[in-house]
Amino acid sequence: MSGRQVLMKGNEAIAEGAVAAGCRYFFGYPITPQNEIPEYMSRRLPEVGGVFVQSESEVAAINMVFGASACGVRAMTSSSSPGISLKQEGISYLAGAELPALIVNIQRGGPGLGNISASQGDYFQATKGGGHGDYRMLVYAPSNVQEAYDLVIKAFDKADEYRTPVMVLGDGILGQTMEPLVLRKPKARRFDKGWALTGCEGRAPNVVKSLFMGEGELERMNLLRQKKYDRMRAREVMCEEYMAEDAELAVVAFGTAGRIAKAAVRLARERGIKAGLIRPVTLFPFPDRVVQKAAKTASRFLVVEMNTGQMVEDVRLAVDAARPVGFYGRPGGGVPTPAELLKVFGRELRKI
Amino acid sequence: MKQVFKRPDSLKDVPFRFCPGCSHGTLHRMVAQAIDELGVREKTIGIAPVGCAVFAYDYFNFDVLEVAHGRPPAACTGMKRAMPDRLIFSYQGDGDLAAIGMSEIIHAANRGENFTVIFVNNATYGMTGGQMAPTTLVGQKTTTTPKGRAVHGEGYPIRVSEMLATLETPYYIERTAMDCAKNVIKTRNAIKKAFTYQMDGRGFTFVEVLSICPVNWGMTPLEAMDWCGGPMKEYFPVGVFKDEGKRVV
Ligand SMILES: Cc1ncc(C[n+]2csc(CCOP(=O)(O)OP(=O)(O)O)c2C)c(N)n1
Ligand code: SF4
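Those sequence lines, one after another, are chains A and B. For what it's worth, my numbering labels the leading residue of the first sequence as 1, then goes sequentially. For what it's worth, my numbering labels the leading residue of the second sequence as 353, then goes sequentially.
The shape of chain B in the complex, shown without the other chains (with noise of 0.2 angstroms):
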């Protein structure tokens, strides 16, 4: 009989230990399914975030590297630099990646530096009980939003990938959302294509994921779901805002 379904090896033989229909677990494996079908486990090195992420490592079979709080792109650029032909991402939130983490990410971009960078946007800070992140949208409730995300005081939710792209350098960035099993493939799809490039030696590849935090959003996953692919998604258009790998020469 042909074995339609498996778990990839680059994943551990372990049950994710997320809160039920949090994004982390499927994108674990959206990331451990591109590394298999482009056959480079056992060159791979993952940087585990501060964050929910942070036991990456319990479950990708690969080198994985924990890092400080915002800083994994600098990490990144150290080991890259020491192992060019390595493929190397980074994996982290919005709160490790747009607030404590701006500078290095976007000096890491602007360097071109070769590694990809996984950015999970779930609007809120996960691991510390879901208070207000740079990416929470206007209006969303938060643990130290209560009244919700105000404009004036906290500002709009930033676009990163958006941002980046003003940046000459980086080769490639695109976002996608976790709000259905399309774009779940879709994401893989992205990732897989970021990897490929860094393959390449092509440059700073980095792929925004609209995720979903049901628990500290109060939501079903459900509702969750229909959350991100809606209000966040009219903040956060999905689409490729750099493709250099694209353009007509």
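Chain A extracted, bound-state conformation (with noise of 0.2 angstroms):
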């Protein structure tokens, strides 16, 4: 299928990415709106000799993916924001126990059983720990069809390279919308998995484990992981900026937010008025150096969310009160259009 363009849907891009970065391995339970996920793997998997097995619920799905990836291969769970709840747990023991696997939230709105429509809610949940402990995991959030594949691709490698979970954050926008896809072959990296539980044949016997009761033993553990925290933070930070060089109003979104507020940038441009972008592409870690260079340009920041006010907190962190930092959000599955974003950026900018 390589180099071939075809036309999909998100969900099934996420899908397709994770077949081609040679994940054989899906294990899941049905929610809306990521349905399309389980549903083509359930498809596509047996073509590729892979395995996939609708589980009894995302507690037991994502220790299904515990299990496979712990043995060492490619494995993953798809869901929706309360199923990714459940693999709170989950996420914790992999974070805990080092092993690769990954997860994707196609987030709806909440709390609770909230709606089915696209939205940004499960931010915190997703960059600071939803699961308890000490841990940090690759948070990537594509905002196009395309960039879900890539990203997909690309997640897998980075969770074999560090050891970690790595969650890929959409939301139902995303996963719906239909749009061309250039599919490709990956060069397959190759990863020393000496760790992985096979059987012990000529070898001393492994164990994958998360408990550390020696004295300090959990101490020095969480500090080893902490430098692998501050190694993704120096490595794999991602952002794309748009007509941010000389903006005067820095705009920062993420996701289907910051393709929305992409079109608001242009039209903003073509009306004459300097607003820019910055479009975290890993949420974990967080671009804080693009953030800090444009308050050195910008007089102003405004970020716009699918949510009431989330991520608003690591731009301040980053902006350190440098600038003023405004906030548009749309929660509960309000999603702003192009118009919209640009009567706010006017707004913004008369504050300055």
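Certain hints may be false.
[To be verified] Derived PhoX-like pairs (lysine-lysine); straight-line CA-CA distance at most 25 angstroms:
1) B:K364 - B:K544
2) B:K364 - A:K209
3) A:K209 - B:K395
4) A:K227 - A:K193
5) A:K193 - B:K364
6) A:K193 - B:K395
7) B:K538 - B:K358
8) A:K128 - A:K158
9) B:K395 - B:K364
10) A:K296 - A:K274
11) A:K228 - A:K158
12) B:K354 - B:K364
To be clear, the hints were calculated from the coordinates, so they are not data collected in a lab.
Assembling the complex is the task here: the two chains are given apart, and the hints tell you how they should meet.
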């Protein structure tokens, strides 16, 4: 299928990206708006000698991923917000046992059962350790179908490289939008998985665990993991900048909100308004430096999110009071239009 | 001189740190012997549960995965699907399997996953200090049932083997007891049978083992063995609940 252009929904592109990345094990439980991922995998994986299991719950699914990953294979699960809440214990265990895995969250409105509209209400959960304990994980936030496909491929490599769970954080709009997509055959990177549980033939037994009861043992482990997170901070930041160099108003938005904000920035520039976009592609690690660079030229920041204000806290931390940071949010399934954002830009600029 | 007793290769050369008389140590040894006898140590991956057996990897001399409380059957599903030719087993307590993990065990059994579960029923939560388990007997005193388990409000103890045997898919389900030497050997044989079925690709196999926890039962090991062979066995009868390998086709 490599190099071919196809028309696919975001959810299908995520599934196909996983197959291209060599993932052969999918475990998941149905929930809207991500059902196309398990449905696609139930057809596609058997074609390539893989395994699809519809689990009895999200809790079971993440633990199936845990077991498969412990054997050294590439495994994933996907869900939407309520189901991702149930996976948090398992994500914490993956982080604790340092097992690679991909978790896809196609967010919907919350809290509770919320609704099935697109939302970005799970930013905190994804980036601040939704599960217990002192861990981080790489979080990628694609804003279109091609990027979703490409980031899923990247996510598997990074999961193996750092031995960490990785999240791809999308939303219902990304999952359901159909767009042209160029398929590719990524170069297979090889990772040493000497730690994997494969049966101890010709070697000493391997143990994969997250319990460290010895005196000072867990503190040492957590400090070691912290070094790993620091390496991610140093090397893995990804961010799109659009007309940001000379912007007076620096707009920061991710995922679907980022895509809409980009259209709004384009409209603003057509009208001579000097807006620019910073779109974090990795939410952890957060592109602090890009934001700090913008603080040198822009006189004001505006964070746009489809929630009541989550990433804005990270922007404020990065800006460190050097510039005012405004916020515009549409929670609970509300989606801003570019025209709507254009008006907000005007309001913000009048404050300058 | 012929050596008549030796440590199984599948056990590391370290002393067990369970309480005196606890069934876990003996049962670990029985599992190790079964694996040795089948010659599959280097193909085995075991699961350490959350419970007193969490340190299984300190004792077992083969690959071990430690899994969240109650989730071993899900993790085993992922492992076995990834490595179908390995011997994979979970070793779970009654809190792990029959309370927090009841969903995972039923569905893994129902899918007919080709791994083995060793279910240690000691009628209490050992590790957390002797609270009520789903298998605590009616009237049995625990730290959370100080007056004894009452049917009204706490329900009857759950007979997991019988319940799983109502499913069509499981291949082999047996309950044994650790109340005397003879039955310990029977337990080992049941485990060996389950492992053999698994290696033949027959499907889901389950061995429930009535075990003793003298410390939390407030008994000496000998009293505990008697209680296991008495009231416990009366409520949880030992025997084979399912053995598709025995069915005359
Ligand atoms: C999610 C979660 N809840 C509770 C606990 C605390 N906990 C540890 S072991 C255990 C019960 C162990 O009892 P059992 O499974 O019967 O095994 P035993 O110790 O008797 O061998 C509990 C409740 C935990 N570790 N994780
Ligand atoms: S508390 Fe009970 S189950 Fe745990 S080691 Fe002691 S005797 Fe064994």
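25 angstroms limit on alpha-carbon distance, applied to hinted pair A:K193 and B:K395: holds, 17 angstroms
Given hint B:K364 paired with B:K354 - CA-CA distance at most 25 angstroms: holds, 22 angstroms
B:K364 paired with A:K209 [C-alpha distance capped at 25 angstroms]: holds, 18 angstroms
Agreement of B:K364 and B:K544 with the hint, judged by alpha carbon distance not exceeding 25 angstroms: Cα-Cα ~20 angstroms, so holds.
B:K538 paired with B:K358 [C-alpha distance capped at 25 angstroms]: Answer holds: B:K538 to B:K358 is near 19 angstroms, not above 25 angstroms.
Pair hint A:K228 and A:K158, alpha-carbon separation not exceeding 25 angstroms: Cα-Cα ~12 angstroms, so holds.
Given pair status - B:K364, B:K395, alpha carbons within 25 angstroms: Holds: B:K395 and B:K364 sit about 16 angstroms apart, inside 25 angstroms.
Given pair status - A:K158, A:K128, alpha carbons within 25 angstroms: Judged against 25 angstroms, a Cα distance of about 19 angstroms means the pair holds.
Satisfaction of hint between A:K274 and A:K296, Cα-Cα up to 25 angstroms: OK: A:K296 and A:K274 at ~15 angstroms, within 25 angstroms.
Restraint status (C-alpha distance of A:K209 to B:K395 at most 25 angstroms): holds, 19 angstroms
Pairwise hint evaluation, B:K364 against A:K193, where the allowed Cα distance is 25 angstroms at most: holds, 24 angstroms
Pair hint outcome, A:K227 versus A:K193 [Cα-Cα no greater than 25 angstroms]: Holds. A:K227 to A:K193 sits at ~20 angstroms (cutoff 25 angstroms).
Violated hints for the displayed structure: none, as all numbered hints are satisfied.
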